[in-house]
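Chains as they are written, first to last, in our numbering: chain A, 1 to 379; chain B, 1001 to 1138.
Keep in mind that the hints were calculated from the coordinates and are not lab data. Any given hint could be a false lead.
[Unchecked claim] Below, a list of computed lysine-lysine pairs in the PhoX-like style, where the Cα atoms sit at most 25 angstroms apart:
| hint | chain 1 | residue 1 | chain 2 | residue 2 |
| --- | --- | --- | --- | --- |
| 1 | A | K176 | A | K265 |
| 2 | B | K1062 | A | K235 |
| 3 | A | K353 | A | K309 |
| 4 | A | K235 | A | K20 |
| 5 | A | K176 | A | K214 |
| 6 | A | K31 | A | K214 |
| 7 | A | K3 | A | K379 |
| 8 | A | K379 | A | K31 |
| 9 | B | K1029 | A | K235 |
| 10 | B | K1062 | B | K1103 |
| 11 | B | K1074 | A | K112 |
| 12 | B | K1074 | A | K16 |
[As the list claims (entries may be wrong)] Examples of chain B residues toward chain A, derived with CB under 8 angstroms:
| hint | residue |
| --- | --- |
| 13 | P1039 |
| 14 | H1046 |
| 15 | S1067 |
| 16 | A1071 |
| 17 | W1076 |
| 18 | Y1084 |
| 19 | I1091 |
| 20 | R1092 |
| 21 | G1095 |
| 22 | Q1096 |
| 23 | V1116 |
| 24 | D1120 |
| 25 | A1121 |
Note that beta-carbon positions come from the ideal geometry of N, C-alpha and C, so glycine has one too.
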Amino acid sequence: MEKVCVIGTGIVPFGKMPEKSVVDLAWPAVKQAYEEAAIDPLDIEAVFCGTVFGGNLIGQRIMKALGVTGLPVVNVENACSSSSAALRQGWMAVASGCNDLVLVIGVEKLTKFGGGTIPLDDEDCEVSQGLTMPALYAMRAQRYMHEFGLTERQLAQVAVKAHDHGALNPNAQLRKRFTLDEVMSARMVASPFTLVHCCPTGDGAGAAILASAKKARALTSSPVRIVASELTSGKFMNGFRDMTTPEITVRGARQAYEMAGLGPKDIDVAEVHDAFTIAELLYYEAFGFCPRGEAFAYLDSGATSLGGKQPVNPSGGLLSRGHPVGATGIVQAAEIVRQLNGRAGAHQVEGAKIGLSHATGGGVAGFDHGACSIHIFAK
Amino acid sequence: MTTLTANTRFAAPHLVELDGDQIWLRGGKCRSCGELSFPLSSICWHCRAEVMEPVRLSRNGKLYAFSVVHAAPKGWRVPYVLGYVDLDDGIRVIGQIEGDPKKLHPDTAVRLDFGVIRGDADGTPIYSYVFVSDQGEG
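When you get a sec, could you build the whole thing from the sequences and use the hints?
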């Protein structure tokens, strides 16, 4: 298998941009990525584009805006993992030797729904009874609190940490710090979550240029290697499931570590799928950053804050950076690549050499999540 | 008490079976391996045989977790209580929980009933199965 590198990244600031079309959200991120890679966009051999609600042939429409057409384009829908799944498709294209230079895009425009919780498929038996994504995570939170003694005040601290980080990130949607009291007294969405426990909905896009190691060496002195590219889907469970541990991520993490030949202690920085406060804590445990039941103690120790030994979501994560669902995975990856290149700015993790990105999501009855994709990067 | 009639509208009619004024959850049981399914599936999720027969699931269970939902799409009457219920026969079902959420906690015993879970665009009540707790009723 060919080694695969990331040689260019593009991130447009997330936010509410109802006046922009999906294409106009995305093309500046793509341009940024190929300019950063210092390549001629006409040299791109294939495009993999992730979106959930962006409509059909979105990759073709974005490339048309850039004047780059007639090449293979694949559009990928995998709920919140759409562009991380597209990244894996791009990785496969290069790792297989099929392509030397590919583009991965993620884009979403959630303001077209006018706000509120994202629409779910009402043919799903759980959605038909009133399930919303906040409610699903809220029930995980309640059960975790019941079993491990986590308090609402402790859970709120996750949001405080996320926004402390996001306030430093010019690409974040919510660049504002919150006090513990502000988190706890905000409007209730689904108990125990107030609004500040939930990621904001918004619009955004990201992109990355992948190259074979040989090609990357010729083009740049600072390639970042992809040392694991993992994708899995939920394992159906007909009956009782322990919702205090995310089965799909536990399994995916094990596969990703095995592929990279690395373990949890090797990870210097991570961008994980903190769509709601409880998720960040569940993922500390799922990735083995700390033992089961000890996630809050790990956060409270400062380990996962900027300046700590293993910063998680230095960009602010989904909670602060925002979560235009189809854009999230590729922007997480772009964040990690910039961290490893020492170009993250005010939210830089000093000396980071190995980083991880993780996007998971999609509600399907009987699954923990529908999809999960994990990437590990090394400098 | 509300009476079920032929005109009563259900959120997902295929999930339930009506018998006079009683509502049942309509599951499936595999004639080959005995595995239960909810909803009734065509193919057994366990052994993949195609001999699923409809069965009525247990009416009793306990709450695994719940949330009081304050933000939901149009038509839903917020706040409502949504919970995962572990039925006595080993199936976990999501449903709305009637009663005072202050009196509910994980592991509270609940039983099956029916009730209004939302309204449609013109406000017509839409019914479904729900769970009630004896603690929650006082």
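Now for the hints, and whether the structure bears them out:
1. Restraint check for K176(A) and K265(A): not satisfied, since their Cα atoms lie roughly 31 angstroms apart, outside the 25 angstroms limit.
2. Simply put, K1062(B) and K235(A) have alpha-carbon atoms about 24 angstroms apart, close enough for the 25 angstroms limit, and the pair holds.
3. With a C-alpha separation of about 13 angstroms, the suggested pairing of K353(A) with K309(A) holds against the 25 angstroms cut-off.
4. For a cut-off of 25 angstroms, the pair hint linking K235(A) to K20(A) is broken: about 38 angstroms separates their Cα positions.
5. Taking the CA atoms of K176(A) and K214(A), the gap is near 43 angstroms; set against the 25 angstroms cutoff, the hint is violated.
6. For the proposed pair K31(A) and K214(A), the alpha carbon gap of about 23 angstroms is at most 25 angstroms, so the pair holds.
7. A threshold of 25 angstroms between alpha carbons decides the hint, and for K3(A) with K379(A) the separation of about 13 angstroms falls inside it, so the pair holds.
8. Taken as a hint, the K379(A) and K31(A) pair is honoured in the structure, with Cα atoms around 24 angstroms apart against an allowance of 25 angstroms.
9. Distance hint between K1029(B) and K235(A) is fulfilled; the C-alpha atoms sit about 20 angstroms from each other, no more than 25 angstroms.
10. Distance check on the hinted pair: K1062(B) and K1103(B) sit about 14 angstroms apart at the alpha-carbon level, within 25 angstroms; holds.
11. This hinted pair checks out: K1074(B) and K112(A) have alpha carbons roughly 16 angstroms apart, not beyond 25 angstroms.
12. Between K1074(B) and K16(A) the alpha-carbon distance is near 21 angstroms, which keeps this suggested pair within the 25 angstroms criterion.
13. A cut of 8 angstroms between beta carbons decides the hint on P1039(B): the least distance to chain A is about 5 angstroms, and the hint holds.
14. The beta carbon of H1046(B) comes within 7 angstroms of a beta carbon in chain A, closer than 8 angstroms, and the hint placing it at the interface holds.
15. Nearest Cβ of chain A to the Cβ of S1067(B): about 4 angstroms, under the 8 angstroms cut. The hint holds.
16. Contact between A1071(B) and chain A, as hinted, is supported at the beta carbon level, the nearest pair being about 5 angstroms apart and thus within 8 angstroms.
17. Because the beta carbon of W1076(B) sits about 6 angstroms from the nearest beta carbon in chain A, less than 8 angstroms, this interface hint is met.
18. For Y1084(B), the interface hint holds, the least distance from its beta-carbon to any beta-carbon of chain A being 6 angstroms, beneath 8 angstroms.
19. Because the beta carbon of I1091(B) sits about 6 angstroms from the nearest beta carbon in chain A, less than 8 angstroms, this interface hint is met.
20. The restraint placing R1092(B) at the interface with chain A holds, with a minimum CB-CB distance near 5 angstroms, inside the 8 angstroms limit.
21. Given hint, G1095(B) at the interface with chain A, holds; its Cβ is 5 angstroms from that chain's nearest Cβ, closer than 8 angstroms.
22. The interface hint given for Q1096(B) is met, as the beta carbon of that residue sits about 6 angstroms from the closest beta carbon of chain A, less than 8 angstroms.
23. Violation of the interface hint for V1116(B) is found here, the shortest Cβ-Cβ separation to chain A being roughly 12 angstroms, above the 8 angstroms cut-off.
24. Residue-level restraint check for D1120(B) is violated (minimum Cβ-Cβ distance to chain A is 12 angstroms; threshold 8 angstroms).
25. Hint status for A1121(B) relative to chain A: violated, with the closest Cβ pair at about 13 angstroms, above 8 angstroms.
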